[in-house]
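S.K.: First to last, the sequence lines map onto chains R and D. Reading the first sequence from the start, the letters are residues 82 to 246 in the working numbering. Reading the second sequence from the start, the letters are residues 82 to 246 in the working numbering.
Source of the hints: derived by calculation from the structure; they are not laboratory data. Keep in mind that the hints are not guaranteed to be accurate.
Note: identical chains are not told apart, hence a pair may lie in one copy or across any two.
As the list claims (entries may be wrong) - For lysine-lysine, the following DSS-like pairs were computed, each having C-alpha atoms within a straight-line distance of at most 27 Å:
| id | residue 1 | residue 2 |
| --- | --- | --- |
| 1 | Lys212 | Lys84 |
| 2 | Lys212 | Lys193 |
| 3 | Lys191 | Lys212 |
| 4 | Lys221 | Lys84 |
| 5 | Lys148 | Lys212 |
| 6 | Lys144 | Lys221 |
| 7 | Lys148 | Lys193 |
| 8 | Lys148 | Lys191 |
| 9 | Lys144 | Lys193 |
| 10 | Lys191 | Lys144 |
| 11 | Lys212 | Lys144 |
| 12 | Lys84 | Lys144 |
| 13 | Lys221 | Lys148 |
For reference, the chains in residue letters:
2 protein chains.
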Amino acid sequence: MNKEVLSLLVDNHSGVLTRVASLFGRRGFNIDSLTVSATDNPAISRITIVVQGDEQIIEQIVKQTDKLEETREIFALDPNRSLFRELLLVKVAADETNRSAIREVATIYKAKIIDLCMESMVMELTGEPDKIDSFLDMMKGYQILEMCRTGITALERGEAHHSFN
Amino acid sequence: MNKEVLSLLVDNHSGVLTRVASLFGRRGFNIDSLTVSATDNPAISRITIVVQGDEQIIEQIVKQTDKLEETREIFALDPNRSLFRELLLVKVAADETNRSAIREVATIYKAKIIDLCMESMVMELTGEPDKIDSFLDMMKGYQILEMCRTGITALERGEAHHSFN
Numbered sequence: 082m083n084k085e086v087l088s089l090l091v092d093n094h095s096g097v098l099t100r101v102a103s104l105f106g107r108r109g110f111n112i113d114s115l116t117v118s119a120t121d122n123p124a125i126s127r128i129t130i131v132v133q134g135d136e137q138i139i140e141q142i143v144k145q146t147d148k149l150e151e152t153r154e155i156f157a158l159d160p161n162r163s164l165f166r167e168l169l170l171v172k173v174a175a176d177e178t179n180r181s182a183i184r185e186v187a188t189i190y191k192a193k194i195i196d197l198c199m200e201s202m203v204m205e206l207t208g209e210p211d212k213i214d215s216f217l218d219m220m221k222g223y224q225i226l227e228m229c230r231t232g233i234t235a236l237e238r239g240e241a242h243h244s245f246n
Numbered sequence: 082m083n084k085e086v087l088s089l090l091v092d093n094h095s096g097v098l099t100r101v102a103s104l105f106g107r108r109g110f111n112i113d114s115l116t117v118s119a120t121d122n123p124a125i126s127r128i129t130i131v132v133q134g135d136e137q138i139i140e141q142i143v144k145q146t147d148k149l150e151e152t153r154e155i156f157a158l159d160p161n162r163s164l165f166r167e168l169l170l171v172k173v174a175a176d177e178t179n180r181s182a183i184r185e186v187a188t189i190y191k192a193k194i195i196d197l198c199m200e201s202m203v204m205e206l207t208g209e210p211d212k213i214d215s216f217l218d219m220m221k222g223y224q225i226l227e228m229c230r231t232g233i234t235a236l237e238r239g240e241a242h243h244s245f246n
């Protein structure tokens, strides 16, 4: 199984996400994460998709996605030349007995405590996906009440860039 | 126009994103941002959607989404009781003449410089969407080469939580 991070620049039309999601969903392989949001050009949205699957099938879907009217550009990000980041919000059960211990883990990972009440706290952590995973492994030693990850967002290192201005 | 942040807990099946996106896309109103990723339960994915539109239409779509077989829960996040965060990666043209000035802005916003070359730098910033917007406004004074936002991810403050463990 191959894991690919794909970046799409598409026209910011209603319905474009449906068409992209259906191309990927149809093949029955799942999307690990997907983010879509604005770019510096209001007419263009950026979709970042992480997929796992057979290399050839991914290649086919990339070609099909490239043919969509709304697709301006689609490219795979080379892990060796890219910056991958993800944001996590996690709510953990915490009271007087274990608050310090949890806070110590947060400090080591440079996670920020952004909400605190008598029985729980919410932490925010930004980093490479592996770092997020390993922080979550530590938090599993406590009780995770709820969590929310953004999915991966990515840019290439260096001066190379893709944009439509 | 009303802006709503909706949180969905759905079965982690191939195709669920297509169905959700098509419910929202069909009405012709656009999705401002969407993130989908794993939760602490591998069988469940979490989708966070930011939509703008008529309050009644949003309410209708929420009801329709709730009826989907894969939907475990859908709820709107109250802005007064929620934590909204977003992650930005932005590549800006920067050389010896303006590197210090850009770095100073980054320091004020607590943005991290995560890549640097002779002609550009990449910064990472996590915060409330308004903070991201205002940082980008500052960066427009320089030359934005490329950017990538994750879209909003959100949790409620306090102990209340939604999860399926």
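S.K.: Does each hint fit the structure? Answer for all of them.
M.R.: Here is what the structure says about each hint:
With identical chains, the CA atoms of Lys212 and Lys84 are at most 27 Å apart within one copy only, with a shortest distance of 18 Å there and 33 Å across copies. For a Cα distance limit of 27 Å, the shortest separation of Lys212 from Lys193 qualifies both inside one copy, at 14 Å, and across copies, at 16 Å. With identical chains, the CA atoms of Lys191 and Lys212 are at most 27 Å apart both within one copy (11 Å) and between copies (20 Å). In this assembly of identical chains, Lys221 and Lys84 lie within 27 Å of each other by CA distance solely inside one copy; the values are 25 Å within and 34 Å between copies.
Within a single copy, Lys148 and Lys212 get their C-alpha atoms no closer than 36 Å, and across copies no closer than 36 Å, so neither meets the 27 Å cut-off. In this homomeric assembly, Lys144 and Lys221 never come within 27 Å of each other (Cα to Cα): the closest approach is 40 Å inside a single copy and 34 Å across copies. Taking the shortest Cα distances, Lys148 and Lys193 never come within 27 Å of each other, neither inside one copy (43 Å) nor across copies (37 Å). Proximity of Lys148 and Lys191 under a CA criterion of 27 Å is satisfied in neither setting, with 43 Å inside one chain copy and 40 Å between copies.
Proximity of Lys144 to Lys193 under the C-alpha cut-off of 27 Å is found in neither arrangement, the shortest distances being 41 Å within a copy and 35 Å between copies. Taking the shortest Cα distances, Lys191 and Lys144 never come within 27 Å of each other, neither inside one copy (40 Å) nor across copies (40 Å). Taking the closest pair of Cα atoms, Lys212 and Lys144 never come within 27 Å of each other, the shortest separation being 32 Å inside a single copy and 37 Å across copies. Proximity of Lys84 to Lys144 under the C-alpha cut-off of 27 Å is restricted to the intra-copy arrangement: shortest distance 17 Å within a copy versus 35 Å between copies.
Taking identical chains as interchangeable, the C-alpha atoms of Lys221 and Lys148 are never at most 27 Å apart, the minima being 43 Å within one chain and 32 Å between chains.
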